[in-house]
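Novice: Now for the letters of each chain:
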Amino acid sequence: MNNTLWIAVIGTSAMAFTLKFAGHSVPEKWLSHPLIKRINLLIPIALLSALVAVQSVTTKGAIVIDHRLAGLGAAILALVFKRSFPIVVLSAAITSACVYNFL
Amino acid sequence: MGVSRVSSPTFRDSLSVSVTVGAYGVAFGAAAVANGFSVLQSCLLSLLTFSGASQFAVIGVIGSGGSALSGIATASLLGSRNGLYGVLMAPILKVRGFKRVVAAQITIDESTGVSLSQEPRGLQAMREGFWFTGFGVFIFWNLFTLAGAVGAKAMGDPSAWGLDAAVPAAFLGLVWPRLKNSTDKTLAIVAAVFAIATTPFLPAGLPIIGTALLAVVAGLWVKK
Numbered sequence: 001m002n003n004t005l006w007i008a009v010i011g012t013s014a015m016a017f018t019l020k021f022a023g024h025s026v027p028e029k030w031l032s033h034p035l036i037k038r039i040n041l042l043i044p045i046a047l048l049s050a051l052v053a054v055q056s057v058t059t060k061g062a063i064v065i066d067h068r069l070a071g072l073g074a075a076i077l078a079l080v081f082k083r084s085f086p087i088v089v090l091s092a093a094i095t096s097a098c099v100y101n102f103l
Numbered sequence: 001m002g003v004s005r006v007s008s009p010t011f012r013d014s015l016s017v018s019v020t021v022g023a024y025g026v027a028f029g030a031a032a033v034a035n036g037f038s039v040l041q042s043c044l045l046s047l048l049t050f051s052g053a054s055q056f057a058v059i060g061v062i063g064s065g066g067s068a069l070s071g072i073a074t075a076s077l078l079g080s081r082n083g084l085y086g087v088l089m090a091p092i093l094k095v096r097g098f099k100r101v102v103a104a105q106i107t108i109d110e111s112t113g114v115s116l117s118q119e120p121r122g123l124q125a126m127r128e129g130f131w132f133t134g135f136g137v138f139i140f141w142n143l144f145t146l147a148g149a150v151g152a153k154a155m156g157d158p159s160a161w162g163l164d165a166a167v168p169a170a171f172l173g174l175v176w177p178r179l180k181n182s183t184d185k186t187l188a189i190v191a192a193v194f195a196i197a198t199t200p201f202l203p204a205g206l207p208i209i210g211t212a213l214l215a216v217v218a219g220l221w222v223k224k
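Which chain is which? The protein sequence lines are G and C, in order. With the first letter of the first sequence counted as 1, position 65 gets the number 65 in the numbering used here; the numbers rise by one all the way through. With the first letter of the second sequence counted as 1, position 190 gets the number 190 in the numbering used here; the numbers rise by one all the way through.
The reader is advised that the hints may include incorrect statements.
Claimed, not checked - Each computed DSSO-like pair below joins lysine-lysine, with the alpha-carbon atoms no more than 30 Å apart:
#1 Lys-82(G) <-> Lys-29(G)
#2 Lys-60(G) <-> Lys-94(C)
#3 Lys-29(G) <-> Lys-153(C)
#4 Lys-29(G) <-> Lys-99(C)
Stated by the list, open to error - Anything over 12 Å on all C-beta distances counts as not near chain G; from chain C, calculated:
#5 Pro-9
#6 Val-150
#7 Leu-174
Said to hold, decoys possible - Pairwise CB distance ranges (calculated):
#8 Met-155(C) <-> Thr-4(G): 39 to 47 Å
#9 Ser-25(G) <-> Gly-65(C): 34 to 42 Å
#10 Asn-101(G) <-> Val-222(C): 27 to 35 Å
#11 Phe-98(C) <-> Leu-103(G): 31 to 39 Å
#12 Thr-59(G) <-> Ser-8(C): 47 to 55 Å
Honestly, the hints are just simulated from the structure, not real lab data. The beta-carbon is built from N, C-alpha and C at its ideal position, and this holds for glycine as well.
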C-alpha cells in the first residue's frame, strides 16, 4: 500500500467536505464580496489550464513531446466543433493510442 | 407529495444531467487507475471527495510525481467553489443537522446549477432540483467510477489505450466552457505556459498550485 496515495485520498476528501459544509454554515456576506467571487471563478481556469499543460507535455519533471500531444490536438478539435465531453475524451484517447501503437 | 405535476420537468432536468455527468465517472475511474491509484482508492475518491475537478486534480498531481500535500492543496483550491455554492444553496434549502451534512456532500456544480435554473418554477422546484440532481449524480458518478477503474485495471499499459491522453483532455473539457471572455482566455494560456516553463525547476505540483496566484492577480487586475 502506498502512503502518499492514501494520504491524498483521505486529505482531499476531508478538505472537500470541509469546504462544502463551511459554505452551508458561514454568513452569506463573508463570501459575497465581488472580488472574492471573481477570483473564485478565475482560480479553476488557472489550475485546470496548468493541469492540461503539465499532463500533456511533461513527464517526471521534464518537458516531453509525445503521443499525448496528438491526443490533446484531437480534444481541441472536438471542442472547437462543440462535441460533448465524452467525445472530447474519447477522441483524445483514440488518437493518442493510435500514435503510441502504430507510429 | 412525491413528484407532483409541477415538479416533473424538474425531475427530468435532474435525471438527464445525472446520467450524462455521471457517465464521465468512467473517465475518472480509468484515469485514476492509470495514475497508480487502486480501484478502492478511486472509488473512495468518488464517494467521499465527490467533486470531479478536484478528483481529477489530485490524481493528476500525484500521477505526475507531486507530493500528497500539493495534490490535496490543488484539489482543495478547485473545491473552494463548492463552498460558494453552499452559500447560495443554504438560504434555499434551509436544512439543519444531518440533512445539512448530506446537502453539503452533494453540493457540486450540477446540483447547484439545476437548482438555480428552476427559479421560474418556484422554491419547491429549486429544492427538488438540488436533491434529485445531487443524489442522481452521486449514484451514477460512483457506479461509473467503479466501471472505469475495473475496466482500466484489466487493460494493462495505459498508454496503449490512450488513457494518458484522456486525463489532459478531461481537464481541457472542464476548462473550455469556462473561457468566456478575453481575461479568462489570457489567464488560461498564461497559466499553461507558466506550468510548463516551471516544471523543470520546481518540485512537482507547485507549477500547478502556483497558477492560483496568477488567478488572484488577474482578479485584481480586472477590477480596474
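Novice: To test your reading of the hints: which numbers does this structure violate?
Specialist: 1, 2, 3, 7, 8, 10 and 11
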